[in-house]
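Student: Put together the whole structure using the sequences plus the hints.
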Amino acid sequence: MKNIVKQRLLVNCGRLLVLVVILGGTELGIRYGVLSRLFFSSPSEIFVAFEAQWAKGSFLPDLGITVFETLLGLAAGSLAGMAVGLLLPQLRLVSHVIEPFLMVLNGIPVIVIAPLFILWLGLGLASKVGISIYIVFFAMFIPVYTSSLRLDRTLVDALRVMGATRAQIFWKVVVPSSMPSVYTGLKIGSGLALIGAVIGEFVASRAGLGHMILYASGTLDTPSLYLGIIAIAIFAALLSLTVDALGPLLVPYRFSDEK
Amino acid sequence: MLEFRNISFSFTGRRDTIEVLRELSFGCRENEIVAVIGPSGCGKSTLLSLATGLRKPTAGQVLIDGRPVDGADPRLGMLFQQSTLLPWRSVVENVELGLEIRGERKGPRRQRAIALMRQYGLAGFERKYPHALSGGMQKRAALLQTLAIEPKVLLLDEPFAALDAQTRVVIQNDVVKICRAGKRSMVIVTHDISEALSMADRVVVLSRRPATVKEIYDVPFSREAESVADAPAMPGFADYYKRIWNALDISIGGMNAAA
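If you're matching them up, the sequences are chains A and B in order.
For what it's worth, this note's numbering labels the leading residue of the first sequence as 1, then goes sequentially.
For what it's worth, this note's numbering labels the leading residue of the second sequence as 1001, then goes sequentially.
These aren't lab readings, by the way, just hints derived from the structure by calculation.
Since the model is a prediction, treat every value here as computed from it, not as a measurement.
Treat the hints with care, since some could be wrong.
Claimed, not checked - 16 Å max Cα-Cα, derived EDC-like pairs, lysine to aspartate or glutamate:
no. : chain 1 : residue 1 : chain 2 : residue 2
1   : B       : Lys1106   : B       : Glu1126
2   : B       : Lys1183   : B       : Glu1032
3   : B       : Lys1056   : A       : Asp157
4   : A       : Lys172    : B       : Glu1093
5   : B       : Lys1152   : B       : Glu1030
6   : B       : Lys1177   : B       : Glu1030
Tutor: What follows is the structure, encoded as structure tokens:
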């Protein structure tokens, strides 16, 4: 017990040290001219950039827009991927017909298809949400679809012997047994949702963190560029923590530690 | 009670038709345990799936109380070789699954499941997930899942194959007692001659594919022995063992082995 506590303390101290070295290093490196101001920014410069963006009144809206696009893309894309992944195996013929089309669509890199979404949905939020939905859909659809194809036949047979209807089998076996895959889909999808939103903003946009980063890069405003990257990194980390926390809700039996 | 009348069954494969069962007839009376034994791959399990309505015979009929089986029959329960416990449900939710499928209200069905679990030594495990139980307890929970709907006919498809030798005897003994106490009919498919002799009142030996009834033996051990564990020590057991072994016609070391 004591050893574990000790070790945990050591690990946390180590992490703190790494952070201090990075922040202190860049701060001192910039101040004494060891690091180029064009390529690197010190924490204090980034903070100044943050104050400037804040004063302009653009930081919060930029952050809010990207967060909104990401969350909406994640939610809608996941729901759609889940629904299609669960229903398609129930319709054997339809699934045989459209499976190759889905696989080809999935193979197209998102950056290639992004301009099309801009064309369809315009420069605003809708195109970014659309791109995000598009990649999240596949991140969710593929694991859910594969798992519903590999359903445990014994469980289905057992329920049929008990007189279960198709609907009962769907809700009592098919849906719950896909939950581990839904969780996997959410984990992959949460990262992709953000990528989709930012790629959309990179291709064409008037606002959002991606827009801010692209603008900063174009104007050689290195501190704002770092500010954008850090903001996205913090949001991505929080999103991933939130999705991890959903695990015990979606698949409680995998997280119950009694063996 | 349960009767297989002139059953034939063939699979139609891609190239040819495989005849699995040929004009097979035998019955299982009320309060009787019949073991069906046969060489590997002879279609023993197929036979049970015909009784459960999961498959339909090519010719002939399966009758319960003189009425032909058509789809899932509420008078019939089946214990499978693999686990049929849904891993995302607690043990008590698994035990009540059959009642739930029949649309019984939550209060009464929960009470019934809890009572069954108390009666058969699973008290205290109601809220656990199946994976927290030992193999023997999982099998017992699956048995209660089957018993909860109070079937008059119990079908067992090599249910104890995965259990260790000692646990197997304990569960075999439980099953025999439960079956006798409820005056149920039971058909157990097995490849284990000892299991057949110690549990059953009659042993039906099937031939190789296409399977027909080769021999039927009336055996006294199950009723006369104190428990399943005592049966092999009774006089005559070894003799029957040898006769059934010979009837199975499995050559050891020969080139014409059934495998």
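Student: Hints first: check each against the structure and report whether it holds.
Tutor: For each hint, the structure was consulted:
no. : hint                  : verdict
1   : B:Lys1106 / B:Glu1126 : holds, 15 Å
2   : B:Lys1183 / B:Glu1032 : holds, 8 Å
3   : B:Lys1056 / A:Asp157  : holds, 14 Å
4   : A:Lys172 / B:Glu1093  : holds, 11 Å
5   : B:Lys1152 / B:Glu1030 : holds, 8 Å
6   : B:Lys1177 / B:Glu1030 : holds, 14 Å
Violated hints are absent here; each numbered hint is respected by the structure.
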